[in-house]
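Trainee: Given only the sequences and the hints, what does the whole structure look like? Please build it.
Top line first, the protein sequences correspond to chains A and B. Reminder that position 147 of the first sequence reads as 147 in my numbering, one-by-one numbering, no gaps. Reminder that position 37 of the second sequence reads as 37 in my numbering, one-by-one numbering, no gaps.
Keep in mind the hints are simulated off the structure, nothing from the lab. Just so it is clear, the structure is predicted and the values come from calculations on it, not from any experiment. Glycine included, each C-beta is placed from N, C-alpha and C at the ideal position. Watch out, some of these pointers could steer you wrong.
Simulated DEER-style distance windows between Cβ atoms [claimed, not checked]:
no., chain 1, residue 1, chain 2, residue 2, range
1, A, R314, B, P123, 45 to 53 Å
2, A, N199, B, R36, 53 to 61 Å
3, B, T75, A, P36, 35 to 43 Å
4, A, Q350, B, A40, 34 to 42 Å
5, A, L310, B, L119, 43 to 51 Å
6, A, R314, B, S128, 45 to 53 Å
7, A, W392, B, P84, 21 to 29 Å
Heads up, simulated DSBU-like pairs for lysine-lysine below, C-alpha to C-alpha not over 30 Å straight-line [to be verified]:
no., chain 1, residue 1, chain 2, residue 2
8, A, K268, A, K388
9, A, K388, A, K130
10, A, K129, A, K388
11, B, K37, A, K259
12, A, K129, A, K396
13, B, K7, A, K264
14, A, K129, A, K268
15, A, K268, B, K7
16, A, K130, A, K396
Chain residues, written in single-letter form:
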Amino acid sequence: MSLLAIGLVLLALVVIGVPIAISLGLVAVVAMVTGPGGTGSLPNVGLVMFSGATSFPLIAIPLFILAGAIMNATGISRRLIALASALVGFIRGGLSMVTISASLFFAEISGSAVADVAALGSILIPAMKKRGYSRAFAAAVTSSSATLAVIIPPSIPMIIYGVMSGSSIVELFVAGIVPGVMGGLLMMVVAYVLARRHNFPTEQAFQLSRVWETARDAAWALLLPVIILGGIFTGWVTATEGAGLAVVAAILIGGLVYKELDAKQLRKAMLEGGSQTAVVMLLVAASALLGDYLTEVRVPQGVASGIMGLTQDRWAILLLLNGFFLVIGLFLHSAAAIILVVPIVMPLVQAAGIDPVHFGLIVTLNLGIGQQTPPVASVLVTACSVAKADIWEVSKVNVWFVAVLVTMLVIVTYIPIVPMALVEMFYR
Amino acid sequence: MTAPQAKVAFRRLLEAIVLTLMTALAVVVVVGVGFRKAGASLVWYDEIASILLAWLTYYGAALAALHRAHIGMPTFVARLEGVPRVAVILAAEACTLTFFVVLAWAGVRVLSVLGGTSLTSLPWMPMSVAQSVIPIGAVLFIIAQLVSLPDVLRGTTHEPDDDDDGGPPPAGAAVREVAA
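Mentor: And the structure:
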């Protein structure tokens with residue numbers, strides 16, 4: 001089965017509504033049956049679909065999702081918002097500043113942008129509407145700042161990229177810190193400019209006593225990133241083990257300290273986490289099936305030699321890859337895009353001498369932009385749903401915040417020291 | 001038992017399995033870290049945790065199928081109406097079911113081939129126990145797909161059928177949440 005035929009069948013299946021994971025698996029089965037092994041190769045389907053779902057580093061995904069969901073069910077987001085409000089609420093467009101800074105905090109304990117937008121948006125979007133902000137602005141600022149969650153560690157797309165590319169997940173996490181914080185600060189500048197233009201209000205005046213009170217109330221919540229990231233960055237635990245500790249810490253803090261975690265909420269969080277994990281892992285397992293076939297017919301090597309034949313300039317290759325991932329991000333969810341594309345382009349990335357960790361940040365940012373750009377735009381859709389706003393109206397405002405993400409992408413791509421400085425300093 | 005009751009019972013069964021696996025996974029990882037830090041690493045920790053992840057994948061996938069929450073591109077189908085819409089939905093269902101029938105068959109074949117082999121770290125546990133998730137998970141997925149098909153044809157999202165508000169989000173919600 002030729003690569004073109006595989007691509008066309010895959011596209012046809014996805015377009016008629018077959019889930020992507022199952023489309024991948026079915027195409028792989030057809031390729032195997034029509035290949036030299038014929039139907040005799042079919043039992044391998046069972047073996048590969050099992051082994052493809054047994055990756056130890058990916059155990060971090062359900063655990064981080066679970067930890068984030070538990071934290072969300074324990075009033076942690078409310079406390080973080082109160083602290084952010086005390087810190088930046090006095091600036092023009094105060095609630096938008098609160099949204100961005102609370103997203104920065106929340107990103108450090110949640111690996112998912114949609115978890116971020118759901119947790120913070122449900123509180124802050126109605127508050128912004130009440131204070132005279134337009135629905136479109138409220139949804140746009142919440143949606144874009146939530147994407148910081150996939151750049152700032154821990155990040156589920158980075159975990160998936162790390163496994164698919166064989167890169168260090170810890171180094172990927174560390175590489176995300178500077179771009180994530182820079183992106184947050186740039187978004188605050190954009191929000192400030194828009195707030196002045198539309199005369200959005202300020203919140204309470206800055207008071208040190210209020211900062212102290214809210215910080216004291218949120219102290220345990222602030223301790224969570226220290227537990228999660230401190231253990232991982234110092235090498236005391238792996239990313240997977242850090243995620244396990246995050247679950248325990250979230251239960252202890254939510255249940256014993258804040259006393260806001262009830263059994264019903266915990267059950268719901270666990271079911272959501274289990275379903276979400278299964279959706280990603282089925283994709284991973286099915287891609288292992290198709291990946292085996294593609295590797296056998298040397299597709300990744302073919303892509304690498306084809307592009308290297310056109311240009312060997314790494315910056316030009318990065319430009320090509322950026323364009324490719326931006327387009328892919330328009331149509332695919334980040335997990336699906338990483339699982340499908342990264343194994344195919346990694347030989348090219350290595351041949352061009354691009355650091356896989358640096359490339360991981362580039363991929364994550366590209367797909368972060370994809371979360372904001374229709375038609376798929378998973379995070380934007382969630383924010384619009386919370387704000388009950390039209391997606392196109394929100395997109396007109398969101399274009400300014402997406403411009404920040406694109407700026408960050410250019411900076412991260414062409415000034416590698418920005419994401420890589422901390423990695424080089426502490427890990428190499 | 002009526003059809004709606006059977007559907008609720010099926011959903012609750014999957015939910016109970018997913019809850020058990022999520023708990024077991026978290027406990028195994030935390031216990032594993034604890035023992036490693038205490039200088040007495042558990043030899044079975046990595047292997048068992050990885051197997052639990054595979055089990056969570058397939059039992060959770062069936063639960064996600066019941067809620068039609070797998071990642072896809074519903075844009076095209078959403079624009080269709082009438083007979084073409086039903087025809088495309090049924091074609092997609094047939095493709096999905098075909099894959100899981102193949103997977104169930106392959107899973108059973110693998111079980112017979114694995115015969116007397118056992119896990120590396122726990123020699124008393126047959127490998128077939130770990131691998132059994134493939135045929136069982138495939139059959140559960142097929143049932144989930146068939147049970148939720150009427151909702152898809154009616155164009156209604158699947159909501160929990162009783163007063164149980166602890167279920168995962170309705171159709172498509174998990175899709176939008178995953179890894180985003």
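Trainee: Give a verdict on every hint.
Mentor: Comparing the hints with the structure gives:
no., hint, result
1, A:R314 to B:P123: 45 to 53 Å, "holds, 49 Å"
2, A:N199 to B:R36: 53 to 61 Å, "holds, 57 Å"
3, B:T75 to A:P36: 35 to 43 Å, "holds, 37 Å"
4, A:Q350 to B:A40: 34 to 42 Å, "holds, 39 Å"
5, A:L310 to B:L119: 43 to 51 Å, "holds, 48 Å"
6, A:R314 to B:S128: 45 to 53 Å, "holds, 49 Å"
7, A:W392 to B:P84: 21 to 29 Å, "holds, 27 Å"
8, A:K268 to A:K388, "holds, 24 Å"
9, A:K388 to A:K130, "holds, 14 Å"
10, A:K129 to A:K388, "holds, 11 Å"
11, B:K37 to A:K259, "holds, 29 Å"
12, A:K129 to A:K396, "holds, 18 Å"
13, B:K7 to A:K264, "holds, 21 Å"
14, A:K129 to A:K268, "holds, 29 Å"
15, A:K268 to B:K7, "holds, 19 Å"
16, A:K130 to A:K396, "holds, 21 Å"
Of the hints listed earlier, there is not a single one the structure fails to meet.
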